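Chemist: Model the full assembly from the supplied sequences, consistent with the hints where possible.
Residue numbers (my numbering), protein chains in the order written: chain A, 1 to 388; chain B, 389 to 710; chain C, 711 to 1036.
Just so you know, the hints here were simulated from the structure itself, not pulled from any lab data.
Values in this document were obtained by computation on a predicted structure and should not be read as measured data.
Cβ coordinates follow ideal geometry from the N, Cα and C atoms, glycine included.
Warning: the hint list may mix true and false statements.
Unchecked claim - Quick list of in silico lysine to any residue cross-link-like pairs, SDA-like style, CA-CA up to 25 Å: (1) K677(B) / G95(A); (2) K161(A) / E174(A); (3) K58(A) / P690(B); (4) K58(A) / I309(A).
As the list claims (entries may be wrong) - Away from chain B, derived, C-beta distances all over 12 Å, residues of chain A: (5) E70; (6) N182; (7) G243.
As the list claims (entries may be wrong) - Quick list of the computed label-pair ranges, beta carbon to beta carbon: (8) L867(C) / R568(B): 52 to 60 Å; (9) K945(C) / L487(B): 43 to 51 Å; (10) L581(B) / K177(A): 48 to 56 Å; (11) P330(A) / K945(C): 46 to 54 Å; (12) L581(B) / R899(C): 46 to 54 Å; (13) T164(A) / L787(C): 51 to 59 Å; (14) S524(B) / Y893(C): 42 to 50 Å; (15) I416(B) / T796(C): 39 to 47 Å; (16) A844(C) / F527(B): 40 to 48 Å; (17) I416(B) / L787(C): 53 to 61 Å; (18) P330(A) / E566(B): 40 to 48 Å; (19) D108(A) / I821(C): 57 to 65 Å.
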Amino acid sequence: MIADPLKTHAAAAATESPLRRVAPVHARHEFVLEVNNFSVDYGVGEDMVRAVNDVTLKLRRSQVLGIAGESGSGKSTLVYAMTRLLRAPGVISGGDVTLNLANEGDLDDVTPLSLVTASERELRNIRWSHVSIVLQSALSALNPVLRVGREFNEVLKTHRKGMTRSQRHDRSVELLKMVGLNEDRLARFPHELSGGQRQRIMIALALALDPELVIMDEPTTALDVVTQREIINELNDLRSRYGFAMIFITHDLSLLIELADEIVVMYAGAIVERAGASDLYEAPRHPYTFGLLNSFPPLHGERRELAGIPGSPPDLAELPKGCSFAPRCPFVMPRCRLEAPPLTNIDGLDRSVACWLHIGGPSVRVPVELSREMSPLRTRFTALEDRA
Amino acid sequence: MKSLRLPRSPKVIIGLVIVGFFIIMTVIGPWLAPYNPSSTAFAPLLSPSAHHWLGTTSLGQDIFSQLLVGARATMVVALLAGLAATILSMTVGIAAGYLGGMSDEGLSLLSNVFLAIPGVPLLIVIDSYLPVSSRSNFFVIGLIISLTGWAWGARVLRAQTMSLRNRDFVEAARIIGEKRTRIMFTEVAPNLLPVLASSFLFTVLYAIGAYVTLAYIGLTSTAVWNWGTMLYWAQANNAPLSGEWYWFVPPGICIALVGTGLALVNFGIDEFINPRLRAGGLTSRQRRKLGLPRRIRLGLTPVIHSTSKRTVVAAPAKLVSR
Amino acid sequence: MRMLARRLALYIVTAWVAITANFLLPRMMPGNPIQTLIGKITGTVTPNEIRAIRLSFGLGFHQGLIAQYFTYLTQLLHGNFGVSITLGAPVSAILRQSVPWTVGLIGLSTIFSFAIGTFGGALLGWSRGSRLDALIPAATFFQAVPYFFLATVMLLLFGSDLHWFPVLGAYSQTVTPGWNLAYVSSVIRYGELPLIAIVMSSLAGWMLGMRNMMITMIGEDFVLMAVAKGLPRRKVIWHAARNAILPSIANLSLAIGLVVSGALLVELVFNYPGVGDLLLQAVLNEDYPLIQGIFLVITLAVLAANFLADIVYLWLDPRTRTVAAV
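Modeler: Here it is as structure tokens:
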């Protein structure tokens, strides 16, 4: 774990990295976040629009979950609502979100906390210390009239009351070093820094209290490609060193292929496919996923004709009957327009898809593009048997 | 161009009603007045009664008539001043914002100077030099009031013009080759309407205050009845300390009411310009009925359990026979 | 620092404009007010005083306009503001006595008003939708009430009727001026009602402006960030307020102009020995030297206050200090 002065005595007891610990028995220990049948609306009553529809997902400790989708797919709404940070007129209309907090990093002492029913005080306690968030635009996320150092000082002071001022300063410097920034950045104002520097500061800030879960909302969208690459690499590095779980939201699926362990693809507020990253990349099952993958040319590999997805994302207030993707699907069947396919496990493994092509029974002929073989060698998720 | 939507906020409606009421009073006030306001025919210092709704002054004049007649001068001068000031600020502000460069520097300097000099003291100085005969002229008074109150609007309009100048549709007009003045009138000006309206109302508000202040000090002609003059006479005859509230309270309240009405309408315009200021949709009673907390709190996304509009069909996979 | 230099230059130019306006106005008006004035007072004041007055207007000898202007300027620099025809004393001496009272009253009331107004506005903006919103129509109404009217009502209510406060004057007639406790406490006591009157009239402006800015700020990402950090509520409010207050300071020039105008009349109502009462007398008697002197002093004081506000703004908003990003 990151050397945190107040935690050194607890950390000393758990000298092994949690990644190498024996897989715990209860789901609580295995999953840091459990989302069940979660729904979010904008507005209530007559003008209500459902932005997130019945989402269920689980996030393992130290795992990276990527959420991909177009704008309006509900991905940002989902994570903000999960942490109760969604602005008005957003309303949580169903389901539950449980955070399994490991007190002091001790995996034997795990308390579940339902974020949906938590009180303001409970939320304040876990915010930033257990769950932190990196917003999309670092320029608007930092208070423009305050020096960067004060933002660090503030979180440390609020959540680690025992630290002295010089300890806080040392810790801030350490955090900056972690993302490759010089300590003199602490004295700067946000507008004096470049976009890449600001985003790095946001990441350092997010990791300040050694949280169990870090949520990143399109952190690289506003950056140029080179900086984007650097930051992704740094994130990978930080994660393997410090073991936090991460939710990474983006509209660029190609970023997730190497960063994420598991990817969830969202469309019109619901999950349409969920699979391990390499499985998704090599063998997409949902037509939308297939379309997304074909929208970004890979740097290597054979030349492909770029297809894109015809049409535009649906108006959430006027969703079509049946599958929401049917109007744009190149493989649409009559059934798709009548009934919405439920998210169902397929391939006997930990992947699921919401598409009648795969769950409509043996009489449905699956298009060849959506039935590629998955490579037998899988580096992640090998022997994960039970789930509670 | 955004379409004009009727204001729904109660504040704005009340404001419009108040302003409308006083505009009507301006038009038909003198006609409605029961007596000649200058006529000293009545007994002095009568308390309000059926004959004299607001009593009489120390000279025996009917206060209610003074109030009704006085509305006209007060409102007309204020409106004139507001109009003149808005024209001035439009010319300076839009030109400065659009032309940029040295013109901008010069015009900005001009507006900043006039903004920094305190308005009413300057007004007093100018007015004190005016020959007494001019002081009854609405246009003259309106003009000098506008000379002291145009600078704020110019600054706001300049800022707004500058932000509009770089917008695409203006750029497009420029590329086609439209003349600069034409662009200013046909492209930029319509988008400035809300800001212009707000600036106009604010200036009218200022003008009422300025005019009443001048009258209170005695710098306007006492031949013309306005609310400020009423207060001047009331003060001169020691009405406040003698308890003759019916003399000095009504004109003050009227001034305050007009001002409040203007300010309320300005709120509405503010909300139109800045959507964040709009009241969020539901009243607190509606929210409570739906199970929502009374107030929206940041960081506490509310949780309700409503019947879902669209449920995920969890139907078992059926064999579709072809 | 370049910003400050620019603002200073602006104020110097403004002061110059005010001074020149003072010079030009009487000459632009129909009827030659200066000659009329001098004609009026000849015989009632000493020849020396006439000479001083003529000089203060720039009328040394029969000179052209430009020469008159320079005479006028030099006189100003020597402190010759002319002689008041009603009070018979040099204007500068008269001003030296009254200006401190005015500056003290207006200065203190502005500070109080600003502090209470922005604090209240921040709370109003944050608690939007709560019962506090009922304050808004009341505040709007108070903002529209003329200063002197409110002062008169308060005079009547609290001074005469209820006798809670003393009225009329800056200190009790029974104490002797000087740095003694009786005098100072009397000054405070007599100053309370005028101060309250001015504060109440100007409060609403600050409050409503701050409320609007707070609402805008709360929509910004960095405030959401403060909540996401798990900061206590008052710290989140502080984050928003710290940014929301900036326009109020930037608009100080407008606000101070209004406060000064209103405060002068309040002084009138309460017979406070400041500049306001003086101004009224001067206007009634067409005492141009005094009017001009008061105008100049007020303008200079307002400019100084503006400059102070600019310094504060520069200190509070770091974006104005640096020009380019790294």
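Chemist: Minimum Cβ separation between E70(A) and chain B greater than 12 Å?
Modeler: holds (19 Å)
Chemist: So does D108(A) sit 57 to 65 Å from I821(C), Cβ to Cβ?
Modeler: Hint holds: Cβ distance 58 Å, inside 57 to 65 Å.
Chemist: Under the criterion that the straight-line Cα-Cα distance not exceed 25 Å, is the pair K58(A), I309(A) satisfied?
Modeler: violated (29 Å)
Chemist: Using the Cβ atoms, figure out if L581(B) sits within 46 to 54 Å of R899(C).
Modeler: holds (52 Å)
Chemist: Compute the least Cβ-Cβ separation between N182(A) and chain B, then decide whether it is above 12 Å.
Modeler: Answer for N182(A): holds, closest chain B Cβ roughly 33 Å.
Chemist: For the pair L867(C) and R568(B), does the Cβ-Cβ distance stay inside 52 to 60 Å?
Modeler: This hint holds: roughly 58 Å between Cβ atoms.
Chemist: Is the gap between the beta carbons of A844(C) and F527(B) within 40 to 48 Å?
Modeler: holds (42 Å)
Chemist: Confirm or reject the claim that T164(A) and L787(C) have a C-beta distance inside 51 to 59 Å.
Modeler: Once the Cβ atoms are compared, 58 Å apart, the range 51 to 59 Å for L787(C) and T164(A) holds.
Chemist: Should the hint that S524(B) and Y893(C) are 42 to 50 Å apart at their CB atoms be regarded as holding?
Modeler: The hinted range 42 to 50 Å holds for S524(B) and Y893(C), with Cβ atoms some 47 Å apart.
Chemist: I416(B) and L787(C), beta-carbon distance inside 53 to 61 Å?
Modeler: For L787(C) against I416(B), whose Cβ atoms are near 57 Å apart, the range 53 to 61 Å holds.
Chemist: Holds or violated: are the alpha carbons of K58(A) and P690(B) at most 25 Å from each other?
Modeler: holds (23 Å)
Chemist: Range hint 40 to 48 Å: satisfied by the CB atoms of P330(A) and E566(B)?
Modeler: Between P330(A) and E566(B), where Cβ atoms are some 46 Å apart, the hint holds.
Hint 4 from the list above is the single one not met by this structure.
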